Amino acid sequence: MTAINAQSGRTARPSKTGVRFAGLAIGLFSALSGVQAAPPTASVPIAPALSVDPGKQVPGAVAVDAIDFKRGENGSGRLIVRFSGDGATPDLRKQGSTVVVDVGNARLPASLGRPLDVSDFATPVQRVSPRMSGAGTQLVLDTSGAFDSMAYQTGREYIVEISPKAAVAGRAMGTAGAVRAAAGQVIAAGANSRYAGKPVTFNFQDVPVRTVLQLIAEESGLNIVAADTVQGNVTLRLVNVPWDQALDIVLQAKGLDKRRNGNVVWVAPQSEIAKYEQDREDARIALDNRVDLVTEYVQINYHNAAAIYKALTEAKGIGGGAGGGSGGGAGAGSATTGDTGFLSPRGRLVADERTNTLMISDIPKKVAQMKELIRVIDRPVDQVVIEARVVIANESFSRELGARFGVSGTSNNGRVGFNGNIAANTATQNSIANANNANSGNPPPNPLAMRTITKGLMSNLGVANPAGSVALSILNAGYALDMELSALQTEGRGEVISNPRVVTSNQREAVITQGQEVGYVTITPAQAGGVPIPNVQFKDVVLQMRVTPTITNDGRVFLNMAVKKDEVQGYVRSGIGDVPLISKREVNTAVLVEDGQTVVIGGVYEFRDRSDLSKVPFLAEIPFLGNLFKKRGRAKEKAELLIFVTPKVLHVAQR
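In the numbering used here, the protein residues as written are 1 to 655.
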């Protein structure tokens with residue numbers, strides 16, 4: 001394992017300091033590998049193109065195997081070029097609004113020589129044009145708008161990322177990734193907002209990965225410790241990339257991983273780090289298995305010991321061992337199998353319901369964790385007063401106007417009579433006949449006795465039980481005329497207020513009921529020729545409120561409630577008795593209410609308007625006189641149901 005220490009006096013800067021940075025890279029590489037490096041290229045003077053195998057630089061040694069384009073994060077475009085073998089030497093440069101990638105030693109197959117229209121990806125890249133350039137390959141990326149480019153090579157893949165400048169500048173706001181260039185101050189950031197290191201520029205070909213780690217250590221000011229198994233070379237070109245992102249790219253390309261402790265970073269293969277962490281965890285478990293167990297007795301004050309036992313032993317759905325957490329003696333509800341996340345495999349938990357106490361036997365670390373968890377759980381909960389008002393308002397109005405009219409009389413000495421009906425005619429004629437028989441011994445000029453005229457109404461449309469009436473009767477020469485006008489007007493207003501109130505703890509259901517049981521008779525059919533058996537059944541007619549409150553973190557109350565109010569409206573006659581007719585009013589709802597606020601959770605409004613007219617056909621159409629043959633009625637009814645709820649939180653302090 002090699003330690004790569006940070007050197008604050010040696011930094012990589014673009015443009016004017018590129019020669020010094022190139023010399024640093026050449027010197028480090030020469031010191032580690034002993035191979036002479038190639039001089040810097042004319043297009044990118046920041047770092048040289050190095051190769052440990054000059055044979056790989058032969059034109060046509062490799063070929064372009066595939067060209068792919070994808071959309072990256074924040075609207076960036078990613079061009080992925082895959083080669084058929086190792087040793088490709090791509091070079092990237094900007095030419096106005098285009099980005100040109102030259103691969104001098106890679107030939108382009110004819111099947112990949114067609115342009116790619118990538119404008120539908122909504123990235124700065126509009127078109128990718130691959131073509132042959134001498135013995136090599138050239139890829140031209142046509143762009144639109146301001147952009148930043150970044151390229152790196154991992155194995156046989158060369159990746160070019162073109163990001164919009166607006167996205168890059170937006171991600172850079174608030175970060176410390178600022179550098180000064182010769183033309184002024186430039187703010188740059190990586191392709192991901194989680195990177196905030198100082199931007200660096202690298203352009204290497206087949207450079208040992210340990211050399212790249214050395215350069216990153218100098219730029220970052222960190223101490224990087226590389227394991228002895230960190231080997232191999234890497235080819236990459238990064239332009240204005242945060243050093244922490246450059247480090248992640250190098251590690252990802254070579255299958256490495258890192259662990260940071262302060263300003264020291266350990267770099268090793270992923271398998272080696274995973275094995276190290278597994279060995280450390282095994283050592284910790286082995287150490288826990290050797291620690292002596294301790295026993296603590298925890299008194300539960302506000303909660304239920306059996307409920308806490310069940311929650312702790314059934315964590316993660318494992319089931320938590322034997323016992324059900326009940327019983328009053330030692331050993332009740334023990335958990336001896338498996339690690340539930342709260343108990344170790346050696347831990348034991350006992351719940352005593354009689355004294356509401358928990359006994360915990362485990363290693364000291366687990367016991368401390370359990371006690372802290374119980375301290376959080378075992379605390380008093382606030383209470384809620386729920387007050388409801390059920391208001392039922394009724395208003396009624398009715399008016400009736402009616403008339404009774406009749407004419408009765410006789411003619412031709414009682415041989416012809418007329419009344420409102422046949423029965424009245426018969427009674428009148430019988431009365432006159434009896435009077436004639438009684439006076440038959442008195443010849444004229446002696447007068448006959450008074451004859452009785454039985455009244456028979458021709459129109460009987462009077463109001464039943466009227467509040468007032470006016471009647472007129474005329475009797476003359478054996479004729480009787482009867483008229484009666486009757487009227488009734490009634491008004492009624494009523495209001496029923498029910499005010500149930502209940503107190504309950506947070507998240508505990510409360511039920512309050514008031515009312516009566518109304519009985520009615522039912523008949524059980526006879527069995528095997530027996531006699532039917534009457535039974536008395538009862539129906540609940542109650543005012544009931546069922547509510548479960550939940551106090552939220554912001555002090556409001558969430559109510560899940562059901563309120564109902566029943567009333568006996570009357571009875572329905574049956575062959576075996578009267579059956580009650582019950583009017584039901586009920587609301588089920590869930591509502592979020594402020595503490596102390598009154599809210600209407602339900603309401604029903606009913607309105608009825610009825611007009612009635614009873615009349616005698618034809619006669620009722622006679623002007624003025626036709627009113628004697630009519631009966632008018634008008635009725636209006638209003639009913640309104642409102643349910644109000646007011647919750648109030650009672651805060652309970654822990655002693």
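It is possible that some hints are incorrect.
Said to hold, decoys possible - Straight-line distance between alpha carbons at most 30 Å, and here's what the computed DSSO-like set of lysine-lysine pairs gives:
#, residue 1, residue 2
1, Lys455, Lys638
2, Lys455, Lys564
3, Lys584, Lys615
4, Lys275, Lys371
5, Lys539, Lys638
6, Lys564, Lys615
7, Lys636, Lys615
8, Lys275, Lys94
9, Lys275, Lys258
10, Lys275, Lys254
No lab work stands behind these hints, which were simulated from the structure alone.
In this text the structure is predicted, and so the values were computed from the model without any measurement.
Status of each hint after checking the structure:
Taken as a hint, the Lys455 and Lys638 pair is broken in the structure, with Cα atoms around 42 Å apart against an allowance of 30 Å. Note on Lys455 and Lys564: the hinted pairing is violated, with a Cα-Cα distance of about 56 Å set against a maximum of 30 Å. In summary, the hint linking Lys584 to Lys615 is not supported, as the alpha carbons are separated by about 38 Å, beyond the 30 Å threshold. About 33 Å separates the Cα atoms of Lys275 and Lys371, which puts this hinted pair outside 30 Å; it is violated.
A C-alpha spacing of about 28 Å is found between Lys539 and Lys638, which places the hinted pair at or below 30 Å, so the restraint holds. A distance of roughly 45 Å separates the Cα atoms of Lys564 and Lys615; the hinted pair therefore is violated under the 30 Å criterion. Simply put, Lys636 and Lys615 have alpha-carbon atoms about 21 Å apart, close enough for the 30 Å limit, and the pair holds. A hinted pair counts as satisfied when its Cα atoms are at most 30 Å apart, and Lys275 with Lys94 does not qualify at roughly 45 Å.
About 13 Å separates the Cα atoms of Lys275 and Lys258, which keeps this hinted pair within 30 Å; it holds. A C-alpha spacing of about 18 Å is found between Lys275 and Lys254, which places the hinted pair at or below 30 Å, so the restraint holds.
The structure fails hints 1, 2, 3, 4, 6, 8 (numbered hints given earlier, in ascending order).
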